[in-house]
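Work out the full structure: start from the sequences and follow the hints.
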Amino acid sequence: MSDPVVEIINVVLGLIGDTLNRLFVFLGLPDWLYLPIFIAAVTLTFLLALVLDILFIIWMERKVIGRIHHRRSVTETGPVGFFQNIADLIKLLVKEDVYPANADKLMHYAAPILIASIAIIPAALIPYGPEIFFLRMSTSIVLFFAILTLIPGIVLLTGWAGNSKYSTIGAFRAGLQLISYEIPLSLSILGVILMTQSLDFYRVIEAQSNIWFIVLQPLGAFIFFIVSLMELERSPFDIPEAEGEILVGWRTEYSGLKFGLFYAAEYFKFFIASAAFTALFLGGWHGPFFDSAIYFVLKMHIVMLAMIWVRVTFFRPRPDQLIRISYTKLIPLAILNLLWVVLITPFVLPVLY
Amino acid sequence: MVSIVKKIKSFILPMRVTGKYMVTKPFTVMYPRERAVVKERWRGLHALYFDKCIGCGLCRMACPNKCIDYIYPEGLDPRDKKQQRFRRPAIDWGHCIFCGLCVEACPTGAIHHTPQYKVYATSDSRLDLIKTPYEIAVEEDKKKTYNDELLKIRELMQTDLLEVAAGGEWEEIIRKLREKWRDLWYMKLDGKLDNKTWDEKAREIEKVVLDIIKQISLP
Amino acid sequence: MGVDEIKDLTIRELSSTLGSDIEKRDMKWDKYIGVNLLKPKRITELVRVLKKIGYAQPVLITAVDKPSDGVIELVYKFNRIDSKVMTWVYVNVDRENPRIPSITPLWRAAFPHEIEAYDLMGVVFDNIPDLRHVFLPWDWNQGFPLRKDWDPNEAKKYPWWEKTREFYDPFIIPSDESDDIYYVSIGPQHPAVHGSFRLILKMKGDTILEAWPDFGWVHRGIEKLAESKTFDQIIVYTDRLCYGSSISWNLTYSLAVEDLLGIEVPERSLWFRVILVEMQRIVSHLLWLSALMADLGTYHSMFLYPIREREKFLDLFEKASGARLTYSYIKIGGVGIFKHAEDIPDNWFNELKDVLTDFKQRVKEYLDMTEASESFHIRTKNVGVIRGKAAIEAGATGPVLRAAGIKYDVRKIDPYLVYDQLDFEIPVGKRGDVYDRWWVRINEMLQSVRIIEQAIEEMPKQGPLRTKVPPIKMRGTGEGIGRTEDPRGEAIIYIVGDGKNMPYRIHIRSPTYINLSLLHFLLRKAKFADIAAIIGSLDPCMAEVDR
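Residue numbers (the working numbering), protein chains in the order written: chain A, 1 to 353; chain B, 1 to 219; chain C, 1 to 547.
Some clues are possibly wrong.
In silico DSSO-like pairs for lysine-lysine, Cα to Cα no more than 30 Å straight-line [to be verified]:
#1 K7(B) - K329(A)
#2 K229(C) - K468(C)
#3 K25(B) - K381(C)
#4 K312(C) - K461(C)
#5 K52(B) - K473(C)
#6 K52(B) - K468(C)
#7 K63(A) - K364(C)
#8 K63(A) - K52(B)
#9 K20(B) - K63(A)
#10 K39(B) - K319(C)
#11 K39(B) - K468(C)
#12 K176(B) - K156(C)
#13 K204(C) - K329(A)
#14 K81(B) - K500(C)
#15 K81(B) - K66(B)
#16 K157(C) - K66(B)
#17 K473(C) - K176(B)
#18 K9(B) - K430(C)
#19 K527(C) - K7(B)
#20 K381(C) - K7(B)
#21 K20(B) - K360(C)
Chain A stretches covered by chain C per the calculated footprint, using a threshold of three residues with CB under 8 Å from any CB of chain C [as the list claims (entries may be wrong)]:
#22 153 to 164
#23 309 to 315
Label pairs and their in silico Cβ distance ranges [claimed, not checked]:
#24 K9(B) - P464(C): 52 to 60 Å
#25 D358(C) - I90(A): 41 to 49 Å
#26 V119(B) - G221(C): 49 to 57 Å
What the hints contain is simulated information worked out from the structure, not anything from laboratory work.
Nothing here was measured: the structure is a model prediction, and the numbers come from that model.
The C-beta atom is built at its ideal place from N, Cα and C for all residues, glycine as well.
Next comes the structure, spelled out in structure tokens:
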């Protein structure tokens, strides 16, 4: 049985191609313009699908947190509160745009746009199905995490552009979190890379056709999960945002659409981090009867559910305790994981692919 | 080895507790749609049994906040001690803290709490919260609604609730107006003033007081 | 040592040191010793003797204004940890120029009381480290409010509106000393759920060097207001002292007035009072638990689960008394309203037993979420440590003192109501950190459940719940004291009556006011992110601090 998602995408591509064709014939545009506009249209469609998924995720998060707290949440707008996000979006759009008097105006406007656009780029690097991908590079894992490393730098820029002591201190705390998670991140992915001897997401997912890596490297999966939480600045590691009493964090001076862009960037990162986890450890698109992108999306949402569940269960460590956890507990565990991988890879190699 | 087990448990046990609540029915009462259940002894808005009240004056003495004062029905003389048993309490729900001391002090159980907690305001005037005994009466034939605010003020001028409600710098002003009104009222009761003149002069004073109350009710 | 031995020892030592400047005073209580000190300057020697004999803390210092005699009378009360004996020292200072040596250098616990006496009554203490106003603004010179001849119109002359900005603005100011050191003010409005108070910190990097707490934002002048209301009407004020534990303040006040007027309470109401107060202890600790958890994590589930348990208890309170937060249910002479045939509703005790059984299961869940989770341990172990001796010197009482290792609970030392017939334990901690304070309070909740279950069995099934006191008898002269174990510490209400039906002077000892002066010590060398945990563990209720 073939992948139903591929069928749907073929239909959509056909539709776009047809409409563009007719448009070109109608308007008499030159032929060389066709390919760029086609690519742009396809990308926009994909982005639209992504944004719809993000809306669903935001709604799901609020509902699930409410349920865990034993209360009802988001009940008024729409049948089960589904249109709350749209209401929030409209509210953010009509707010007044303020910025501090002495701030650098260019940076103040540029920072949210930069973060939102950079956070969405890695979504193109992950293959969602055996025939569904934007880009297939032989080093896609490296590029993926390199782009994610840009974001804390822009966070520092945001805090500086806020031009108040609170936001600068918040930005420094985000930088502190950066130095805590970078090394365990690389070490935990290194286990997967060693086992598959490839830096390509596609090959890694292909290698899990018989057995998933979460079974073979449970410690690596666990460390990657925790490091993802640190990278996303989600609770329990939300030190830059939910600071004690006075510091609201590096996003203090941004309101209206800029705040909306930061919020969207946070959920874009959520999306790609759980996509990376699914691709690396949970077997990507492999499933019971046939390989399909539906399984990828389903597993991604289950990972998100797990991250939300962890959010409301554990307490937040202090900043100095965070560094201590990272360097004294996570890095040794990651090295242990590497040893384990080196030991079992020769026995496991025939089972892969 | 034991500490590793303990460490693993330290991740699993809290998640088990939160996971259990993820699948149980929520505890919330969706208030405007479902009714909020209030127990029957809830110290809500007051109601008055007109016929049980004996006008003893104990509820006024018990109130810690000075929210109760008395109104004599039409034509009775407040200076006559023998007619004191006809006076009935008026309550200011704006200042009331619903402590229950007046209900406790009442010897006959005339004034009591009902479980009702919703205060309806039909206008944005402070006067809506000061209730005359006719508005909180339980017996249907004693109930009265006031379409004209001046009528309500005429009854409330017998009490000191208006000056306590106004407060601040208005308190002195309303008290002096009330003394003038009271002198006119006594003259009318003694027969030195005929009804028409009394009505006109009292109405002047009441209009001023109504203006002041409207001033302080501005949202 | 027995009560009589301690009394003899105290009198002996005091007479031998102070000779003729002391005279014994007749007290109407057998367990308290009263002493008149004729020379105010010798107060430090007297206090040194008391400390040597083994008295634990100056638990209350009251200033009573007596314009007719031209003096201000200061009443010092000292308590002990091992026995119910208290020594009360009465000193008269001249009203025009009240000066007396301060005992703060000997006993740090006297500091909050002395600055309150200065702030509101104007008594100047010599040798005190930092004499300033605490409830009134720092530059107040419009008189002393608690004096009998103070004109309230004076208060209008203070420039309140111009000063607002200075009070409310939070600031971060670099200091002159070095680049790293700066002053931070965490302003009266907090996102943390503790009420309005201001904390001024001197910080170096992430570590706190010194801390000065600043109260007075919720001051309502209850002590002065109560001097113009009758004894019956003051019950409503005591509700609002600490709204998280309002029945225990009702009880403290009722005990004080019953002591002053000599009223006997029926036996059934003693048991019912115990049940209500222990339920209130559970409710107050649940509120504390949820506030502490909210500080330690965002959106944490443990913020909402204790509130859910609390709802069930509040439902029970509502069925009996008619309100959910400010009950006014324990009144002078017993419990509740005695008219209109209102007794405890039917089936109330069965519902209470169901709620308690359910509650014991839930506490197991709370322990699963907190004690079993390592993220809780790293936040609370060895954070905000204060040891037993330092805690007593600084004046702490209640769970804070018990977590530091000292077994002091007014219910066992000086039993009131029927606590001497009940069987329960006092949990005591070891290290005195945030974890121990949490552990002590969780166990106190479980002990309260045990007390309530015993009391339900042993309570008489029939009988009156309240004695009727006619208004003529509601007046008295002399002194009355009510001393109870509030969920936050030792609560005392001291009433002086002069024959009218309104009290002459009421003085309220709120345990949180004294416990918060511990912050000066607890926050030294703590990290910034620990402030929330430390303040939360002291269980502050700002309304009772400021009265």
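query = Hint by hint, which ones does this structure get wrong, listed from lowest number up?
reply = Hints 3, 8, 17, 22, 26 contradicted; others consistent.
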